[in-house]
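Enquirer: Sequence:
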Amino acid sequence: MARSAWKTRCFVRHPDTGKFLAELRALPREEWPTAIRRLPSGQLSLLLRRTIDPDRPLSDYGLDSLGNLELRTRIETETGVRISPTKITTVRDLAEHLCDELAASEAAASAS
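For the sequence shown, the working numbering assigns the number 463 to the initial residue and increments by one for each residue that follows.
These are calculated hints, taken from the structure and not from any lab test. Where hints are given, some of them may not hold.
Claimed, not checked - DEER-style ranges, computed between Cβ atoms:
no.: 1; residue 1: Lys481; residue 2: Arg544; range: 12 to 20 Å
no.: 2; residue 1: Gly524; residue 2: Pro490; range: 31 to 39 Å
no.: 3; residue 1: Ser521; residue 2: Ala497; range: 23 to 31 Å
no.: 4; residue 1: Ser507; residue 2: Asp562; range: 18 to 26 Å
no.: 5; residue 1: Ala497; residue 2: Pro547; range: 21 to 29 Å
no.: 6; residue 1: Ala571; residue 2: Thr539; range: 16 to 24 Å
no.: 7; residue 1: Tyr523; residue 2: Ala571; range: 31 to 39 Å
no.: 8; residue 1: Glu568; residue 2: Arg500; range: 13 to 21 Å
no.: 9; residue 1: Ser527; residue 2: Ser574; range: 33 to 41 Å
no.: 10; residue 1: Leu528; residue 2: Arg500; range: 20 to 28 Å
Ideal Cβ positions, reconstructed from N, Cα and C, are used throughout, including at glycine.
Construct all of the structure, not just a fragment, from the sequences and the given hints.
Expert: In structure tokens, the structure reads:
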């Protein structure tokens, strides 16, 4: 019961969520981190119109609270994973968080 309550809090359902997750599931698990890292990096590149260093703090790019919200919303829509503003420090940190959450979700689904 606690697990389903956790899933309700952490995962968002959106019509576009399935496409990214289907593409991700088609990959071998060892390729997930790279594929997941491309998502926030690509979304941030679209927002800022520049190349993104995955280890550079996002605050260095001048991302304000509105930009942060837009980035979170885009990624939540694609992945179904709710993202706390504190999880957005670097693209790499965000991607690791997403990878952990998506892997846990897959493991829970497989166990059911």
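Enquirer: Determine whether the Cβ-Cβ distance between Ser527 and Ser574 falls within the hinted range of 33 to 41 Å.
Expert: holds (37 Å)
Enquirer: Against the range 20 to 28 Å, how does the distance between the Cβ atoms of Leu528 and Arg500 compare: consistent or not?
Expert: The hint (20 to 28 Å, Cβ to Cβ) holds, given that Leu528 and Arg500 are roughly 23 Å apart.
Enquirer: Is it true that Glu568 and Arg500 lie within 13 to 21 Å of each other by Cβ?
Expert: Distance hint for Glu568, Arg500 holds at roughly 18 Å.
Enquirer: Between Ala571 and Thr539, does the C-beta distance stay in 16 to 24 Å?
Expert: For Ala571 and Thr539 the Cβ distance comes to about 20 Å; the hint holds.
Enquirer: For the range 23 to 31 Å, tell me whether the beta carbons of Ser521 and Ala497 fit it or not.
Expert: holds (25 Å)
Enquirer: Go ahead and decide if the range 18 to 26 Å is satisfied by the Cβ distance of Ser507 to Asp562.
Expert: At 23 Å between Cβs, range holds.
Enquirer: Is the gap between the beta carbons of Lys481 and Arg544 within 12 to 20 Å?
Expert: holds (19 Å)
Enquirer: Per the hint of 31 to 39 Å, is the separation of the Cβ atoms of Gly524 and Pro490 within bounds?
Expert: Between Gly524 and Pro490, where Cβ atoms are some 37 Å apart, the hint holds.
Enquirer: Go ahead and decide if the range 21 to 29 Å is satisfied by the Cβ distance of Ala497 to Pro547.
Expert: Cβ of Ala497 to Cβ of Pro547: about 24 Å, so the range 21 to 29 Å holds.
Enquirer: Given the range 31 to 39 Å, decide if the beta-carbon distance of Tyr523 to Ala571 lies inside it.
Expert: holds (35 Å)
The structure fails none of the hints (numbered hints given earlier).
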